[in-house]
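S.K.: Could you fit the two chains together into a complex? Lean on the hints.
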Amino acid sequence: MKEEVTILSANSISIGYRNGKEVTAVANNVSVQLKKGSLTALIGANGIGKSTLLRTLTGIQKPLQGEVMLNGKNISSYSAKALAQKLSIVLTEALPPSNLSVFELTALGRQPYTNWLGIMAEEDIAKTNEALQMVQLEHLADKKHYEISDGQLQKVLIARALAQDTPLIVLDEPTTHLDLLHKVSLLKLLKQLTEKTGKSILYSTHDLDLALQLSDEVIVMTSEDVIQNTPALLREMDIFNRLFTDKSIYFDYAKGGFIINPG
Amino acid sequence: MILFGVLTAALVLLFVLNLSLGSVNIPFNDVVNTLSGKGAGKATWEFIILNYRLPKAITAVLAGMGLSLSGLLMQTLFRNPLAGPYVLGLSSGASLGVAFVILGAGFLPIIVKDFFLSSYGTVAASMLGSFLVLLAVLAVAARLRDTMAILIVGLMFGSFTSAIVGVLTYFSTAQQLQKFTFWAMGSLGSLSWENIAILAVACTIGILLAATCIKPLNALLLGERYAKSMGINFGRARFIIILATSILAGSVTAFAGPVAFIGLAVPHMAKLAFRTSNHIVLFWATLLSGAIVLLVCDIVTQLPGSDLTLPINAVTSIVGAPVVIWLLLRKRNKSYS
Chain D
1 MKEEVTILSA NSISIGYRNG KEVTAVANNV SVQLKKGSLT ALIGANGIGK STLLRTLTGI
61 QKPLQGEVML NGKNISSYSA KALAQKLSIV LTEALPPSNL SVFELTALGR QPYTNWLGIM
121 AEEDIAKTNE ALQMVQLEHL ADKKHYEISD GQLQKVLIAR ALAQDTPLIV LDEPTTHLDL
181 LHKVSLLKLL KQLTEKTGKS ILYSTHDLDL ALQLSDEVIV MTSEDVIQNT PALLREMDIF
241 NRLFTDKSIY FDYAKGGFII NPG
Chain F
1 MILFGVLTAA LVLLFVLNLS LGSVNIPFND VVNTLSGKGA GKATWEFIIL NYRLPKAITA
61 VLAGMGLSLS GLLMQTLFRN PLAGPYVLGL SSGASLGVAF VILGAGFLPI IVKDFFLSSY
121 GTVAASMLGS FLVLLAVLAV AARLRDTMAI LIVGLMFGSF TSAIVGVLTY FSTAQQLQKF
181 TFWAMGSLGS LSWENIAILA VACTIGILLA ATCIKPLNAL LLGERYAKSM GINFGRARFI
241 IILATSILAG SVTAFAGPVA FIGLAVPHMA KLAFRTSNHI VLFWATLLSG AIVLLVCDIV
301 TQLPGSDLTL PINAVTSIVG APVVIWLLLR KRNKSYS
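Same order as they appear, the protein sequences are chains D and F.
Per our numbering, the very first residue in the first sequence carries number 1; after that it's consecutive.
Per our numbering, the very first residue in the second sequence carries number 1; after that it's consecutive.
Bear in mind the hints are in silico, worked out from the structure with no lab data behind them.
Please note that a few of the clues may not be correct.
[Claimed, not checked] Computed footprint of chain F on chain D; a stretch qualifies when at least three of its residues, placed anywhere within it, have a C-beta under 8 Å from a C-beta of chain F:
#, region
1, 83–90
2, 193–200
[Said to hold, decoys possible] Cβ pair distances, simulated, as ranges:
#, chain 1, residue 1, chain 2, residue 2, range
3, D, Asn-74, F, Phe-115, 50 to 56 Å
4, D, Asp-142, F, Leu-35, 41 to 47 Å
5, D, Ile-125, F, Leu-117, 18 to 24 Å
6, D, Leu-117, F, Arg-275, 19 to 25 Å
7, F, Thr-212, D, Asn-74, 54 to 60 Å
8, F, Pro-311, D, Gly-47, 26 to 32 Å
Glycine included, each C-beta is placed from N, C-alpha and C at the ideal position.
So that you can see chain F by itself, here it is in the shape it has in the complex (with noise of 0.2 Å):
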């Protein structure tokens, strides 16, 4: 509980503080003045934050709660700890829809192209490219019960990707290949209020799928026998946890690009602080956690005080992969891992 109290006073404030820390350094007073409606102290102030980096902690906070539900949904989901939506080759699925949509605009009849090309169309787009990898996934997960085997896999689904679209970027104009290269870079800014709107209903719609399947998921943690013998309606369950992921997962990559590791190491941060698998407990911790993250992460990108912006993916992957490389070398010693 107090950890709790302590989580939710950091995102308060780490919200507050990414808001003022920028290339223009705004004091803490005139951010809270201008989030209360009183008006900065000088009106450049106020259109930046209003326009610009009140958009991008929305986003970071969104992105951060999203993706690191959806690595707590798969970790349990494939009993496995290095799972998560970047590692599990998710990113790779939305990248793919993206792409097509971006790049191969072009092949398409003029009305369908106007919806694709809108930002509904490369967010459905994205959903759909995840959910089918997840399926995938799943398939070969039914047929492997070896962890590393499913990693690998992932590992295939990116290198499949990432040469589709370089098959793609034969047939696309100059401006296509930039407007997906800039999105493949990842970002938390640049979005617009409707697209932030969009990106708040589809995490809303997937984190309450997600808690309906607490229960589940907590039944899941002995196994897929013990969890039907106990009553669960597996192929339900499982259904809707990866619903729920496909909907995380590729909604914020069509807005955010694909954000590495942040879904797989914020659920190991969650249980390792509060030392528990309840998911009742996990899913506030993750998602708290994981927009806490996200905020460091996008503060640590603009690197305060100076002109320099750093890609998010860049920071996220300085972070995430040496906790994979812990996570392996932890998996030795058959404890928590």
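With the rest of the complex left out, here is chain D (with noise of 0.2 Å):
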């Protein structure tokens, strides 16, 4: 068995608002092991908690009770510009309007090694055109980034999470707005990465059939719980079921999706 490193982990820790005296727990009891070199899907129904336990995986918000570690040191202890070089992102939100190419977009990823100015130096430009050719985007470099499609630009904003040379990136519901062949296309070129690089990549998503068939591990986020573990074994706890409470809805194990009940 190879040895495995985890990158990011956070064991029991209670997830929620603090709003002056006023605390908002939104989950308890949360652990969650981000391991080297793998592709890890977080799924739950809408208000769950998703965008929270993201939130608070990223550092961007505090957790209520325990701590995140990130590569065996506090997130939070992290200064702005070193956890830019451990950690990217990539969110779902519509971009300002600019001007900005491709390529351009793609290297505002380098900004963390770049000086006062952010003048790019030999290797930010080498690395920026390797994060290109990871997704296959290269030919687009000089496109304006409003002139590909929402499947390029997915890709394009991930080449400059690539760019950022982080050892962890996680991505915020990367398939929304994309059809059934481009999400496939994402997800595999999200595994591929993995591979790869070995970086680890953790994504919510929605498309639970798919984040089964490709993910390593899936975070399944219920009213009750929050368990981490292999699809396979997700399967076997019949943990899918649990995610949606209605009943007009029922997982098929042999189908690998859920089915509406007639009726």
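M.R.: Below you can see the structure in the form of structure tokens.
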């Protein structure tokens, strides 16, 4: 068995919001481990607290209890710049209007390494080109970012995260807005990247069937608990029928997807 | 690079042209000779250039640079192509500051009054006014992500300011009122060399502060969350950007009055000409284009060959207002804006 190195870990932390003295817990007893070179999916119904968990794991907000460890160090003890060299993100929100070309957008990922003016050294340019090659979009380098398709833009944003050269990449619902073909191609790319580069990738998604087929591990958030395991073991635990409490759908293990109850 | 060369050449040419044109046309050679210290063909020409046109041309260059750069900073900070010192109400805020000083000076104790009525006091009040409005706009922008809402807030500040100014006029003397009215019409001329020195220092500080934010500004092209994830200290960067903007817009408005639309239109001209969003390029491009555009506008206000002078605001609005409408129409097709 190969040695497993944990990049990020959280041991039974509580997540939620603090508003003055008022504390709103979203989930308790959450344990997450992200291993080097693994692709992990985060699934759960809308409003269950996926975003809160992602925000906590990426150090944007502090856990109510416990701590998130990144490379063996508490994530909140990193300076902004040091954290930017360990962790990069890909968001769903639309980009503000700008004239950025695909290359320029990807190159912004080099910011944690460039000088105060952000001037690119040779190494930065090489890394940017390398990142674009990894997502196979180097032919679009000179296009403006608004001239390419949604699927391509999502890949460019991943290239930007790759250029940031971090051991961990966190993606917030990268497959939203894409059709099935592009969803598959994107997840395959993520899988490939973890294998080739040894990076650890965590992404949230609503595409349970795809996530089960392509991820090394899946974190399932239900209203009762948060469970992380391999897809095969999660199937055995019959966890997916606890995802949605509504009786109108059920998970069909033979088909590997949700089926709508007639009537 | 070629474009930068062309712009620099255009700037120098327009600067000399600006000195040469006016109600009295002074030949190009005499302008150059005066500037190089050789003296012009007529003593009056030399007097006109050194005491009237040169200060005005320098003011145009400084004001053009300051307003345009503050527009660029705001467009990136607010992720809003329609932001600018005039549209967002910064000029109104500066006006309010100046109005309090000029019209409200009667309420102040004598010792403080002297300071506030000096150029320094006007500049300080003006910068403070734009700084406060900027903070208010920022607070609103944090709650409303909507582009148009922010602009409407800017408009409201404009109305609010004119209302307060209206109230103040009731309590002020005719002389104070006249002074304020002339200021509010906007004018690049009538600055003493001492005033120009103050303006130059303020603009330099603002420009240098802005230069330290070039990298964060580029990161902000992807939005606040990405910028933070790339190691940018967003809080500090935003503070410096706001400070630089207030200094630039406030000092220019204090001396030249509220000059409309330059801050909004020029960054777009620079973005269009250079086809980039990289702020290292846009920084210089905006500074150069700002100076050029305001020099051209100033030449137009002189209506060369005639004795008439138009208010600078009228000319910049005629150029700028259509730009805003054009930008709004362009926003519809998602692309570059």
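S.K.: With a Cβ-Cβ cutoff of 8 Å, does the region 83–90 of chain D contain at least three residues near chain F?
M.R.: holds (count 6)
S.K.: Hint says 50 to 56 Å; check whether the CB-CB distance for Asn-74/D and Phe-115/F agrees.
M.R.: holds, 52 Å
S.K.: Has the hinted range 26 to 32 Å been met by the Cβ atoms of Pro-311/F and Gly-47/D?
M.R.: Distance hint for Pro-311/F, Gly-47/D is violated at roughly 57 Å.
S.K.: Given a hint of 19 to 25 Å, does the C-beta separation of Leu-117/D and Arg-275/F actually sit inside it?
M.R.: holds, 20 Å
S.K.: If you count the residues of the region 193–200 of chain D with a beta-carbon closer than 8 Å to a beta-carbon of chain F, do you get 3 or more?
M.R.: violated (count 0)
S.K.: Regarding Ile-125/D and Leu-117/F, is the given constraint of 18 to 24 Å on their beta-carbon distance met?
M.R.: Because 56 Å falls outside the window, the suggested range is violated.
S.K.: Can you let me know if the beta-carbon spacing of Asp-142/D and Leu-35/F is within 41 to 47 Å?
M.R.: holds, 44 Å
S.K.: Can you tell me whether the CB distance of Thr-212/F to Asn-74/D sits inside 54 to 60 Å?
M.R.: Because 31 Å falls outside the window, the suggested range is violated.
Taken one by one, the earlier hints fail for this structure at numbers 2, 5, 7, 8, listed in ascending order.
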